[in-house]
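Novice: Got chain S; can you put chain V on it based on the hints?
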Amino acid sequence: MNRLMERLQTTFIVAAKSLRDNAACQFLIGSIITAHVSVLNVQADELFYGVSEDISNISTVSSSKREEDIFSAPLSMSVVSGEQIKRAGILTVPEALKLVPGVIVREQTNGQFEVHIRGFDNTPTGGTMTSLSNKLTLVMIDNRTVYNYFDGGLFWETLPVGIDDIERIEVIRGAASALYGPNAVNGVIHIITKRAKGNPQAEANLVAGTHSTQKGHIAAEQNIGASHIRLSGFIDQRDRYQSTYYSFADDEYLPFDEINFPPGLDVYPDPEQAREVKAVTLAINNDPSEMLVYDFSFSHQDSRVQKVHLNAGTIPFTVNDSNTDAVNAKINYNNLQFRVSHQWGNQETLGFSDFKYDLAINQASLEYDYRLPKWIIRPGISYENITYDGSFIGGENTLRNTGYLLRTEYFPAPDYRLIVALRYDDYNTPSDGYFSYQVIGNYQLRHDTLLRASVQTANSSPFMLDSYLDLQFTRPNNPTQRLDFKGDKEGDLKTVTTFELGMRHQFNFNNWLDIELFHSELEDFTAVINKGTEFDGNQFVTTNLREALPTEATQLGITVDWHYEEIDWDMNVYLTAQDTDVKDQFETRSEPLVLFDTDNKGTPDYYGGINTNWRPMERWNINANAYYMSNHTFILEPSKGTKKFASAIYANFTVSHQFNNSVKGFVSAKNLSNKNESQYFYTDNIDPLYVIGISLKWSE
Amino acid sequence: MEWFRTRNAKVFIFLLSLLLSGLGYACEKFQVNGANSWFPYFYRGELPPGTMGNNGIIGDIVFQAISRIGIKAELNNQAPWKRILYDLRNGKLDIVAGALKTKEREKIFSFSSPVFYSEFRIFVRAEKQFQFTNLEDLIGKNGIKIRGMSLGQNVDNYAFENLIIEDATDTSSLFKMVAAERVDYGIFYLHSGLSELRKLQLDKALVALPKPLTREALYVAFSKKSECQPQIQVLSQEIEIMKTDGSIQKIADLYAGSVNTVNNKRVIKGHE
Numbered sequence: 001m002n003r004l005m006e007r008l009q010t011t012f013i014v015a016a017k018s019l020r021d022n023a024a025c026q027f028l029i030g031s032i033i034t035a036h037v038s039v040l041n042v043q044a045d046e047l048f049y050g051v052s053e054d055i056s057n058i059s060t061v062s063s064s065k066r067e068e069d070i071f072s073a074p075l076s077m078s079v080v081s082g083e084q085i086k087r088a089g090i091l092t093v094p095e096a097l098k099l100v101p102g103v104i105v106r107e108q109t110n111g112q113f114e115v116h117i118r119g120f121d122n123t124p125t126g127g128t129m130t131s132l133s134n135k136l137t138l139v140m141i142d143n144r145t146v147y148n149y150f151d152g153g154l155f156w157e158t159l160p161v162g163i164d165d166i167e168r169i170e171v172i173r174g175a176a177s178a179l180y181g182p183n184a185v186n187g188v189i190h191i192i193t194k195r196a197k198g199n200p201q202a203e204a205n206l207v208a209g210t211h212s213t214q215k216g217h218i219a220a221e222q223n224i225g226a227s228h229i230r231l232s233g234f235i236d237q238r239d240r241y242q243s244t245y246y247s248f249a250d251d252e253y254l255p256f257d258e259i260n261f262p263p264g265l266d267v268y269p270d271p272e273q274a275r276e277v278k279a280v281t282l283a284i285n286n287d288p289s290e291m292l293v294y295d296f297s298f299s300h301q302d303s304r305v306q307k308v309h310l311n312a313g314t315i316p317f318t319v320n321d322s323n324t325d326a327v328n329a330k331i332n333y334n335n336l337q338f339r340v341s342h343q344w345g346n347q348e349t350l351g352f353s354d355f356k357y358d359l360a361i362n363q364a365s366l367e368y369d370y371r372l373p374k375w376i377i378r379p380g381i382s383y384e385n386i387t388y389d390g391s392f393i394g395g396e397n398t399l400r401n402t403g404y405l406l407r408t409e410y411f412p413a414p415d416y417r418l419i420v421a422l423r424y425d426d427y428n429t430p431s432d433g434y435f436s437y438q439v440i441g442n443y444q445l446r447h448d449t450l451l452r453a454s455v456q457t458a459n460s461s462p463f464m465l466d467s468y469l470d471l472q473f474t475r476p477n478n479p480t481q482r483l484d485f486k487g488d489k490e491g492d493l494k495t496v497t498t499f500e501l502g503m504r505h506q507f508n509f510n511n512w513l514d515i516e517l518f519h520s521e522l523e524d525f526t527a528v529i530n531k532g533t534e535f536d537g538n539q540f541v542t543t544n545l546r547e548a549l550p551t552e553a554t555q556l557g558i559t560v561d562w563h564y565e566e567i568d569w570d571m572n573v574y575l576t577a578q579d580t581d582v583k584d585q586f587e588t589r590s591e592p593l594v595l596f597d598t599d600n601k602g603t604p605d606y607y608g609g610i611n612t613n614w615r616p617m618e619r620w621n622i623n624a625n626a627y628y629m630s631n632h633t634f635i636l637e638p639s640k641g642t643k644k645f646a647s648a649i650y651a652n653f654t655v656s657h658q659f660n661n662s663v664k665g666f667v668s669a670k671n672l673s674n675k676n677e678s679q680y681f682y683t684d685n686i687d688p689l690y691v692i693g694i695s696l697k698w699s700e
Numbered sequence: 001m002e003w004f005r006t007r008n009a010k011v012f013i014f015l016l017s018l019l020l021s022g023l024g025y026a027c028e029k030f031q032v033n034g035a036n037s038w039f040p041y042f043y044r045g046e047l048p049p050g051t052m053g054n055n056g057i058i059g060d061i062v063f064q065a066i067s068r069i070g071i072k073a074e075l076n077n078q079a080p081w082k083r084i085l086y087d088l089r090n091g092k093l094d095i096v097a098g099a100l101k102t103k104e105r106e107k108i109f110s111f112s113s114p115v116f117y118s119e120f121r122i123f124v125r126a127e128k129q130f131q132f133t134n135l136e137d138l139i140g141k142n143g144i145k146i147r148g149m150s151l152g153q154n155v156d157n158y159a160f161e162n163l164i165i166e167d168a169t170d171t172s173s174l175f176k177m178v179a180a181e182r183v184d185y186g187i188f189y190l191h192s193g194l195s196e197l198r199k200l201q202l203d204k205a206l207v208a209l210p211k212p213l214t215r216e217a218l219y220v221a222f223s224k225k226s227e228c229q230p231q232i233q234v235l236s237q238e239i240e241i242m243k244t245d246g247s248i249q250k251i252a253d254l255y256a257g258s259v260n261t262v263n264n265k266r267v268i269k270g271h272e
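These protein sequence lines map, in sequence, to chains S and V.
Read left to right, the first sequence gives residues 1 to 700 (the numbering used here).
Read left to right, the second sequence gives residues 1 to 272 (the numbering used here).
Bound conformation, chain S alone (with noise of 0.2 Å):
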């Protein structure tokens, strides 16, 4: 309790230093403090609450693992439904996130994109071109997680999920590890699939545009006996939006074969192509009513892209492989649930012969609901058992990880709820345990009207590479030079604090508003750090080894999100401001380091989006959506330096027209912006793409 007082302390010494420093944030403030009051003055109309005739359309979500309204959820959160995605001519699921408040998409090429929850990206600065890449937020698919535990973060093309197969996407920004693991430091984005209910039918999805976009999906449903079949694949390719690269040694975008590539890293199979993707499930389930409910799904998938990886050293660009397979087991015997499920496979960055490795990951958890008035209890179990086996990390190793969950859900009185989680991950490596905790309280202020509170805690996994990295690199150019590099088994994990202050109001029933205050502090830090060089008699080696690092990063802000909707309009303004501090910044990772503290450049100040439809009539829907993020600059390691981003807005425009029951086309634009360049470092900059579409249907 002392210690969560300290912390609180610190949050407020935080927050009152940086209004003192920050004139954007002073403003913010104020905006805040204006909202609340000039909310708090509207009188609601209480006609709409409390009692209603109507009981079709209640949207649920389920971020606080229980189905309920999602204006009730006890999280910062955000749906976006598989709906939205098609009437926003959206084509994957990372460009679906730009339709969520508190998310930073940026494209790398096309239809290849990275995805942070708020930021703390490139905190703190300085780091090789991964450093740039999000390796704190939890994605899942139907409770699965899906996650590159080789450095980190998730590879957005392996996912074996078609846009068409997506029923939702949930987003819970701030740290959530005691509901969903490890790794959700930064918040979490579930994605769940559609699953055959009733009739039998098919569909199919084609799409064609401009930088030889294609994609093809197809889909089909039956039933046998109880048993709910659906069958699905889909297949993506594109090219990129330019045919230059960006040469590092020339500081300037090049013709393929104009670049310079050093041996063994000229794989470039296909420069043009950006992503070829494909992937098929084979989804079987039961009615979710009965007692005992079964939920199972086989995917593959196989993908080859470009995108920003490893520190390609000539180009920002790697070309990936990826092939694997999942099985994953949902089994509900009432209040009890069970989930098993095996991943495996082979990954490989061409041209780094030593990343290539095989993958096996199992993941088992079982929880229990345990009911009573006022009370909702739910322990839990799960285990990891993560193996990789690559040169890399010097051949095959494991992860193991058990975690023990406890969530009590208690209501002390019909407007108020308080949800504690509780969490202990007991990992082969480290060999500390970590502990993570959500404390959440809600008051239902009136019937219209939402508070919330919490104080939360999340730390992320260890990594193979973190652990078990294993390397001695001969230079291919001078054999004289070697680097050596060495991971720690007992380094730290990155843990973050965040609490938050939220409001949820509806001034209307067409009329709402969702704001949250949002205070995460960032700790933990490990980073390679160059020891120096010496000559062992043969070569000078230089020596890297994976070390604690005083670091901290502290981020404050506020993301407000307002849904105004008419019969035959609606429209989604959503934006955060936030700023980010790193406290001991290290110059370089060479020893000895010089540490300072700094504005944190690599994440946006402001960033958000507009989302409007509009039915003129029957049949047709036009969506606008826009995307901004404003200035922020990327800066890597000395040899790779700094890349300026100027604050840019893109606009997306859909129109869709249902012809009839089993046709429906679509026609969109994207990426219409006032500036089109590279919106990371160094890769493509951003052309518009057309892109034209049809949906075929049939059911009985």
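No wet-lab data here; the hints were simulated from the structure.
There could be a bad hint or two in this list.
Residues from chain S shown here face chain V by an in silico Cβ test under 10 Å; the list is partial [what the hints assert, rightly or not]:
#1 Asp69
#2 Asn285
#3 Asp287
#4 Pro288
#5 Asn334
#6 Arg371
#7 Leu372
#8 Asn510
Just so you know, even glycine gets a beta-carbon here, dropped at the ideal spot from N, CA and C.
Specialist: Coordinates of chain V only, in the frame set by chain S:
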């Protein structure tokens, strides 16, 4: 007597029409709407088998009453319930056929007298019926209701303190979970529930316990901003006449056929 009242009303309407047309005032037709799917009270589309009506009991009452006073009516498009009430408040709609009455609503709408009653009943598996005389009989049992559905202040308060009631997102899930023994009982409107059970082919497996959990009067709601206020007065009177001349009973009987087929043998007759 009824003939006298009907005739008086028609004369009144005629005179009123003359007066209003002289003032340049026009109420060409009533704009009517109701809940999207609230069988048997208000309903759209194809009605369940064994049902003879058109738009549910209260929908048919309203349209018949409007027809009897010689005014046209337009059934508006399906819309979210809150939108319907919003339009009624602003005068875009004149009538909502079937609504509960609350103090807040009375400030903004005018209401007919009760035209029908809706009962919340406890649905259980046929072989697992239990004695239900008061709320204490539900202690220790697991129940389910539709999320967000209020059972009335007293029942809500008691349930919060003493009962375990889960939420279902739709009627189908609610009854299936009762049938699958996931819960001991489900709470739902009697007639809507019986209709849903037939649709799910669970009408043999589940029954409604005889004692209602709560009983709510249903009304026709009128806009106070309607341009048809005089006609609304007449319509309201016509509905009163229909209560006494047996018209409402006849309409209810059109729906009673479907309700009677279930094992509870319940006939709709609760109106005043």
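Novice: With reference to the structure, classify each hint as holding or not holding.
Specialist: Each hint, compared with the structure:
no.: 1; hint: Asp69; in the structure: holds, 6 Å
no.: 2; hint: Asn285; in the structure: violated, 14 Å
no.: 3; hint: Asp287; in the structure: holds, 6 Å
no.: 4; hint: Pro288; in the structure: holds, 7 Å
no.: 5; hint: Asn334; in the structure: holds, 6 Å
no.: 6; hint: Arg371; in the structure: holds, 5 Å
no.: 7; hint: Leu372; in the structure: holds, 7 Å
no.: 8; hint: Asn510; in the structure: holds, 7 Å
Comparing the model with each earlier hint shows a violation of hint 2 alone; every other hint is respected.
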